[in-house]
Amino acid sequence: MVAANTLYQEVILDHNRKPRNYGTLEHASHHAEGHNPLCGDRIVVSLQLDGERIGNLAFEGESCAICKASASMMTVNVKGKSRAEAKALIQEFRDMATGKLDADGLRHIGRLAVFAGVRDLPTRVKCAILPWHTLHAALDSVASTSTEADDDPMHTSIGDA
Amino acid sequence: MTAGRTALKSLSTPAFSLERVRADFPILKLEIGGKPLVYFDNAASSQMPQPVIDRLVRYQTTQHANVNRGVHFLSETATAAYEEARGKVQRFINAREDRELVFTSGTTDAINLVTHGYGRKFIGPGDEIILTTLEHHSNIVPWQMLAEDKGAKLRVAPINDAGELLVDEYEKLFNAHTKFVAVTHVSNALGTINPVKRMIAFAHARDVPVLVDGAQAVPHMAVDVQDLDCDFYAFSGHKLCGPTGIGVLYGKAAVLERMAPFKGGGDMILSVTFEKTTYNTIPHKFEAGTPPIAAAIGLGAAVDYILAIGMDAIAAHECDLLEYATAQMNRLSGVRIVGTAAQKAAVLSFMIDGVHPHDVGTLLNQEGIAVRTGHHCAQPVMRHFRVPATSRASFAFYNGMAEVDALIAGIRTVQKVFA
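Residue numbers (numbering that gives the first Met the number 0), protein chains in the order written: chain F, 0 to 160; chain E, 0 to 418.
Be careful, since some hints might not be right.
Unchecked claim - Calculated pairs, SDA-like style, for lysine to any residue (alpha carbon to alpha carbon, straight line, at most 25 Å):
no.	chain 1	residue 1	chain 2	residue 2
1	E	Lys-28	E	Asp-404
2	F	Lys-17	E	Lys-275
3	E	Lys-196	E	Arg-257
4	E	Lys-196	E	Lys-149
5	E	Lys-415	F	Gly-104
6	E	Lys-28	F	Leu-120
7	E	Lys-415	F	Asp-94
8	E	Lys-196	E	Ala-340
9	E	Lys-262	E	Ser-332
10	F	Lys-17	E	Lys-415
11	E	Lys-34	F	Lys-78
12	E	Lys-34	E	Gly-399
13	E	Lys-28	F	Asp-119
14	F	Lys-17	E	Gly-333
15	E	Lys-415	F	Lys-80
16	F	Lys-17	E	Arg-385
17	E	Lys-275	E	Lys-28
18	E	Lys-415	F	Gln-8
19	E	Lys-415	F	Gln-47
20	E	Lys-251	E	Thr-272
21	E	Lys-196	E	Asp-206
Claimed, not checked - Some, not all, of what chain F presents toward chain E, calculated at C-beta under 10 Å:
no.	residue
22	Glu-61
23	Lys-99
24	Leu-100
Bear in mind the hints are in silico, worked out from the structure with no lab data behind them. The beta carbon of each residue, even a glycine, is placed where N, CA and C say it ideally should be.
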């Protein structure tokens, strides 16, 4: 069993206390709302796509610390990236969180590796993934998404929270 | 719970020994991540004592066969044990006759049996069904499905900020269209004990039948269905130290007899031709297919176990636990108890300022403490208190004050992590 304090590291607690890029964008070209009906977490991601590049993005919502820190660190990591790069990172984050990818297989993840511990806490995996799930929906201009949507490409069957 | 405390002095119940009770539960010896297990998720499911485990083993090793079928020895033994369990449950809630007890897969199944067997037959367009804000989703959704199907309407009795039902408002909901009341005895999310006897009397004065969801009540207090005079009473085995997959629907014989069957199949019939089927008598009319035989016998053993400890002793010990835990939690700054009804069962829902309940649950788990975090399948209650979720510690008679101390220390640890 993983000790939860390997998950609640200072970097996660810091992003929870002082979330970066928190709020809404005035002139967002894309946005989506993500919802985890199992725990009530709700995240809105809005972004400004300049051509194929994410010029600016922001998030807001109500959620647990894992979800909020994940969202905050996500915004820091994908700002300035191309749509394709962002999608590759989304995929890698998801694979890391669900345990499909171990540390050796991570190529883009960098400091986001602090979330690797959620793989041992099945009921918390969705908390970490929700912002990424929502970013994916925003990039595809899907207005709202849910961790429980069957037809969602990001859907993972990890068990109920 | 106060009634239980006065009755504690009765000589019929032996002195309560926490140490002796805990020794009966093998799972309580577990360590979680190197810390002794503190199991405070009893409202979700309680643990099983050795005598119940032993009974299941004895059944499977020496008594198992299908019931109500064969003339051979094992089938007769299994049938007798299954029906004996029904009798135990009958005495446990003081039903008049054993045929008033239908074995179901759980409380949810029992309520669905009523919405189908009674609701679909007797509730129609424009009729009204009264529920309360305190209901578990399992006592909302089946009624909602029935109402949608039949063009009936749900009316909801509100609560105050202590989490107590506003009985006056409940009474105002009655009118000529009211056809049914479904109310929880004890709120799973808050612990509030509803004044169901008074509510039932009010409904009966207007010829309205009442179903009581007793899933959270039977583990904590003596329930007498004749005294309550409810038409239906539903509960689950696994919250009562029994197995999962078994529940009970009590229904007054006259009401059960008027109802349509819920599920069709073997065992629930007297004769079948392709033109017509004659249904079996109650309760068998509602027990289609092979029932959860082992689980029912296990529930019978669980009832025996609980009665041997004594419902009054259990209620008194849990009352002490709740009082102690409430006082300790009230001394913590930055912690708020959600649900402060005057009449409460042993449930403490709480919020820690600035910390989401899911983070609380994960960090308490690190201390070996099992609490439930989330909406507790009671989203209308969460909405009333304007929270997405709470953390919930729910106690059983095998919990002790030392475990409450561990919870309080665990909450301080959570606060330190998030300081």
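Going down the list of hints, with the structure as the test:
Proposed proximity of Lys-28 (chain E) and Asp-404 (chain E) is supported: the alpha carbons are some 18 Å apart, at most 25 Å. The straight-line distance between the Cα atoms of Lys-17 (chain F) and Lys-275 (chain E) is roughly 70 Å, outside the 25 Å bound, and the hint therefore fails. With a C-alpha separation of about 24 Å, the suggested pair Lys-196 (chain E) and Arg-257 (chain E) falls inside the 25 Å cut-off, and the hint holds. Restraint check: the Cα-Cα separation between Lys-196 (chain E) and Lys-149 (chain E) comes to about 29 Å, which exceeds 25 Å; the hinted pair is violated.
As the CA atoms of Lys-415 (chain E) and Gly-104 (chain F) are separated by approximately 35 Å, the hinted pair breaks the 25 Å bound. For the given pair, Lys-28 (chain E) sits about 23 Å from Leu-120 (chain F) by alpha-carbon distance, which is consistent with the 25 Å threshold. Pair hint Lys-415 (chain E) plus Asp-94 (chain F) does not hold up; C-alpha atoms about 31 Å apart against a cutoff of 25 Å. With a C-alpha separation of about 17 Å, the suggested pairing of Lys-196 (chain E) with Ala-340 (chain E) holds against the 25 Å cut-off.
Between Lys-262 (chain E) and Ser-332 (chain E) the CA atoms are separated by roughly 53 Å; this puts the pair beyond 25 Å, and the hint is violated. Simply put, Lys-17 (chain F) and Lys-415 (chain E) have alpha-carbon atoms about 17 Å apart, close enough for the 25 Å limit, and the pair holds. For a cut-off of 25 Å, the pair hint linking Lys-34 (chain E) to Lys-78 (chain F) is broken: about 43 Å separates their Cα positions. The straight-line distance between the Cα atoms of Lys-34 (chain E) and Gly-399 (chain E) is roughly 16 Å, inside the 25 Å bound, and the hint therefore holds.
Straight-line distance between C-alpha atoms of Lys-28 (chain E) and Asp-119 (chain F) comes to about 23 Å, which keeps the hinted pair within the 25 Å bound. With a CA separation close to 20 Å, the supplied pair Lys-17 (chain F) and Gly-333 (chain E) stays within the 25 Å bound. The straight-line distance between the Cα atoms of Lys-415 (chain E) and Lys-80 (chain F) is roughly 37 Å, outside the 25 Å bound, and the hint therefore fails. Note on Lys-17 (chain F) and Arg-385 (chain E): the hinted pairing holds, with a Cα-Cα distance of about 24 Å set against a maximum of 25 Å.
Straight-line distance between C-alpha atoms of Lys-275 (chain E) and Lys-28 (chain E) comes to about 56 Å, which puts the hinted pair past the 25 Å bound. A C-alpha spacing of about 13 Å is found between Lys-415 (chain E) and Gln-8 (chain F), which places the hinted pair at or below 25 Å, so the restraint holds. Of the supplied pair hints, the one linking Lys-415 (chain E) and Gln-47 (chain F) is violated, its CA atoms being roughly 38 Å apart against a limit of 25 Å. Proximity of Lys-251 (chain E) to Thr-272 (chain E) is assessed by CA-CA distance (about 30 Å); at most 25 Å being required, the pair is judged violated.
For the given pair, Lys-196 (chain E) sits about 15 Å from Asp-206 (chain E) by alpha-carbon distance, which is consistent with the 25 Å threshold. Proximity of Glu-61 (chain F) to chain E holds as hinted, the smallest CB-CB distance being about 6 Å (cut-off 10 Å). Interface hint status for Lys-99 (chain F): violated, as the beta-carbon distance to the closest one in chain E is roughly 22 Å, over 10 Å. For Leu-100 (chain F), the shortest C-beta to C-beta distance to chain E is roughly 22 Å, which exceeds 10 Å, and the interface hint is violated.
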